[in-house]
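Since the structure of chain U is already known, use the hints to place chain X on it.
Read top to bottom, the protein sequences are chains U and X. UniProt numbering puts the first residue of the first sequence at 1, with every later residue one more than the last. UniProt numbering puts the first residue of the second sequence at 1, with every later residue one more than the last.
Calculated from the structure, these hints are not laboratory results. Yeah, the Cβ is synthetic: ideal placement off N, Cα and C, and Gly gets one too. Watch out, some of these pointers could steer you wrong.
Residues from chain U shown here face chain X by an in silico Cβ test under 8 Å; the list is partial [claimed, not checked]: (1) A119; (2) L159; (3) E162; (4) M167; (5) N229; (6) I235; (7) F259; (8) S261; (9) D266; (10) K295.
There are 2 protein chains.
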Amino acid sequence: MNAALAALKRVCLIGSGNWGSAIAKIVGLNVMNQPDVFEKEVLMYVYEEIIDGAKLTDIINLEHENVKYLPDIKISPNVIAVPDVVQACTNADILIFVLPHQFVKETCEKMASAVKPGALGLSLIKGFVLTEGEGIQLVSNIIKNTLDIETAVLMGANLATEVASEMFCETTIACHNPEYHGILSKLFQTPYFRVKVIENVAGVEACGALKNVVGIGAGIVDGLGFGDNTKAAVIRLGLMEMMKFTKVFLESDDISVFFESCGIADLVATCHGGRNRLLGEAVVKSMKDIRLLEKEILRGQSFQGPLIAKEIYTYLKDHDMLDQYPLFVAIHRICTREVDPRNFIECLREHPEHM
Amino acid sequence: MNAALAALKRVCLIGSGNWGSAIAKIVGLNVMNQPDVFEKEVLMYVYEEIIDGAKLTDIINLEHENVKYLPDIKISPNVIAVPDVVQACTNADILIFVLPHQFVKETCEKMASAVKPGALGLSLIKGFVLTEGEGIQLVSNIIKNTLDIETAVLMGANLATEVASEMFCETTIACHNPEYHGILSKLFQTPYFRVKVIENVAGVEACGALKNVVGIGAGIVDGLGFGDNTKAAVIRLGLMEMMKFTKVFLESDDISVFFESCGIADLVATCHGGRNRLLGEAVVKSMKDIRLLEKEILRGQSFQGPLIAKEIYTYLKDHDMLDQYPLFVAIHRICTREVDPRNFIECLREHPEHM
Numbered sequence: 001m002n003a004a005l006a007a008l009k010r011v012c013l014i015g016s017g018n019w020g021s022a023i024a025k026i027v028g029l030n031v032m033n034q035p036d037v038f039e040k041e042v043l044m045y046v047y048e049e050i051i052d053g054a055k056l057t058d059i060i061n062l063e064h065e066n067v068k069y070l071p072d073i074k075i076s077p078n079v080i081a082v083p084d085v086v087q088a089c090t091n092a093d094i095l096i097f098v099l100p101h102q103f104v105k106e107t108c109e110k111m112a113s114a115v116k117p118g119a120l121g122l123s124l125i126k127g128f129v130l131t132e133g134e135g136i137q138l139v140s141n142i143i144k145n146t147l148d149i150e151t152a153v154l155m156g157a158n159l160a161t162e163v164a165s166e167m168f169c170e171t172t173i174a175c176h177n178p179e180y181h182g183i184l185s186k187l188f189q190t191p192y193f194r195v196k197v198i199e200n201v202a203g204v205e206a207c208g209a210l211k212n213v214v215g216i217g218a219g220i221v222d223g224l225g226f227g228d229n230t231k232a233a234v235i236r237l238g239l240m241e242m243m244k245f246t247k248v249f250l251e252s253d254d255i256s257v258f259f260e261s262c263g264i265a266d267l268v269a270t271c272h273g274g275r276n277r278l279l280g281e282a283v284v285k286s287m288k289d290i291r292l293l294e295k296e297i298l299r300g301q302s303f304q305g306p307l308i309a310k311e312i313y314t315y316l317k318d319h320d321m322l323d324q325y326p327l328f329v330a331i332h333r334i335c336t337r338e339v340d341p342r343n344f345i346e347c348l349r350e351h352p353e354h355m
Numbered sequence: 001m002n003a004a005l006a007a008l009k010r011v012c013l014i015g016s017g018n019w020g021s022a023i024a025k026i027v028g029l030n031v032m033n034q035p036d037v038f039e040k041e042v043l044m045y046v047y048e049e050i051i052d053g054a055k056l057t058d059i060i061n062l063e064h065e066n067v068k069y070l071p072d073i074k075i076s077p078n079v080i081a082v083p084d085v086v087q088a089c090t091n092a093d094i095l096i097f098v099l100p101h102q103f104v105k106e107t108c109e110k111m112a113s114a115v116k117p118g119a120l121g122l123s124l125i126k127g128f129v130l131t132e133g134e135g136i137q138l139v140s141n142i143i144k145n146t147l148d149i150e151t152a153v154l155m156g157a158n159l160a161t162e163v164a165s166e167m168f169c170e171t172t173i174a175c176h177n178p179e180y181h182g183i184l185s186k187l188f189q190t191p192y193f194r195v196k197v198i199e200n201v202a203g204v205e206a207c208g209a210l211k212n213v214v215g216i217g218a219g220i221v222d223g224l225g226f227g228d229n230t231k232a233a234v235i236r237l238g239l240m241e242m243m244k245f246t247k248v249f250l251e252s253d254d255i256s257v258f259f260e261s262c263g264i265a266d267l268v269a270t271c272h273g274g275r276n277r278l279l280g281e282a283v284v285k286s287m288k289d290i291r292l293l294e295k296e297i298l299r300g301q302s303f304q305g306p307l308i309a310k311e312i313y314t315y316l317k318d319h320d321m322l323d324q325y326p327l328f329v330a331i332h333r334i335c336t337r338e339v340d341p342r343n344f345i346e347c348l349r350e351h352p353e354h355m
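Just chain U, with the same shape it has in the complex (with noise of 0.2 Å):
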């Protein structure tokens, strides 16, 4: 094997919901149309699960298509379902992890012995881990601490059936290495899904959990029969509690990452068409638990705000900070039914920032 073949870099794919279905979809078209740079074989691992008799992963290996979470999107060829998530990342240089949130430290614990020394890897997540007595903390530790590679983000305003019907829109991928940045733009980037590569690797992060919270506010607003004027009070004050949580949390002041499409662009898409307004809106119109909504409204996939929401209260709590949050904490105590979704806006009213 020569030197050039030898830097061809492999890739895979770490889950296969309908963002994984759909990234599948762009980082398939773009392996494949770039042989001088990636190896043309792209692994998915597939959670497997039996639909109407037949697997899962047969299923998308026969009909490129992954007809439970993403139907009607043709996946290109090159990208092959695999049920063994070492099997998936045996080999890879980039492993693009996009699973929800709560399955990663296991997911890479299962992965640990298998994976490349000096392989990249690369969170779609959003979310936080909270691990008891440790606290919370970043998907992308995790992902680097448990597997020892360096981990870069992918997150931006994707919901992900827009970006599988192909309309335009941009997002934003953080690795700290610049090095990294060229490739990480080869491997996404196409007419009409536009990638800015920056280095702010837990800011990105940041922004892409938080949002969900924001985005169940902008829902209980929906559901409560408000309209844009309350709904863009609440995305805004839902901003700066995310400025200023971000700013605690990690110990930065860098602000610019909100102006990226994973700052307020995806906050703005996910309050409008996320699933986690969605959720927001049937908490106010229905009296059922969150886990009956979850079935019902999302064919068996999880809301991921109601746990982030849970996750940054705790966080909050440990670090007596509750009263400095209104909007995190109402949020999460409408999720809990501590608090009537009626009292939403009682909560705003006297917010810190306009004391």
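Here is chain X on its own, set in the frame of chain U:
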């Protein structure tokens, strides 16, 4: 007359469209409820029109409702409509301007000899004033220079019909002189309309004007059938151009204003529920001229967005900066039919933000 009575502030409103009428409702009630601070009577200048055979001023004074521009909303009876702008402003201590921006200069010129020295102006007007040979100026500067009075501004995520329906929202007031901050807050704050007062008048005003242009862009995206991701990208790129334009035009580096209600919140509300968004959508879906669309959609009121887009375009052209603002330029050219709206996304794909 004793010193306490002499100190009572007399308030007038110059303008009575839907936003003027919504604000008359707030101001009328606040003035009535604070007799130790304000004189009870608020004169409101109404451009006289005949509605079903009756004068609009008479209808407002009898029914306490602006049946043409804000039907079904009661204005407090201490707000008296007058058809004469000189009568409205005589003896007033606080003059609230809420007219279409193209009428500001001539209206101020009419008022000039009657305005009380030392009065405070407050502009709720979104736009710039373009004068042949003098370029574009802030509306607050026109008021300030024509009347020789200090002029503050009020801008925020305040779609008029929602404010009139008492849906919770925020607003931003800016006034250079901190001595006025308390009284401005007393004049506008209500349980549903939350006021924050800052000092950056020009920054707040620029936000209020520029967001109308971006609002047209959001409407174009809706008209083209794109989703929340694309709209979020337009909002973000619009915000980038707003920040850059404000920096150049006002020679100011203060970005904090974009985090107030007048900034991202108003931008988001405008891009989802504003009249310029409606226009953008109509421009794509019909081939009708903008003036015809105004008549059909706005019952005789005018869209400010296309005018502002033209003013900005003129400024950018004069300063040889068209290539740095592809979103503003594309929106102007789509409004004038120089560019087909279907090319909008092409104009954004290679935005300087992505280079």
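Now for the hints, and whether the structure bears them out:
A cut of 8 Å between beta carbons decides the hint on A119 of chain U: the least distance to chain X is about 28 Å, and the hint is violated. The restraint placing L159 of chain U at the interface with chain X holds, with a minimum CB-CB distance near 5 Å, inside the 8 Å limit. The interface hint given for E162 of chain U is met, as the beta carbon of that residue sits about 4 Å from the closest beta carbon of chain X, less than 8 Å. At a threshold of 8 Å, the smallest CB-CB gap from M167 of chain U to chain X is about 5 Å, leaving the interface hint in force.
Here the hint on N229 of chain U is kept, as its CB sits about 4 Å from the closest CB of chain X, short of 8 Å. Interface restraint check: I235 of chain U against chain X, minimum CB-CB distance 6 Å, threshold 8 Å, status holds. With a cut of 8 Å, the hint placing F259 of chain U at the interface with chain X holds, because the nearest CB-to-CB distance is about 7 Å. The beta carbon of S261 of chain U is positioned within 8 Å of a beta carbon in chain X (closest approach about 6 Å), and the interface hint is therefore held.
Restraint check, D266 of chain U versus chain X: the minimum CB separation of about 7 Å is within 8 Å; hint holds. For K295 of chain U, the shortest C-beta to C-beta distance to chain X is roughly 24 Å, which exceeds 8 Å, and the interface hint is violated.
Violated hints for the displayed structure, listed by number in ascending order: 1 and 10.
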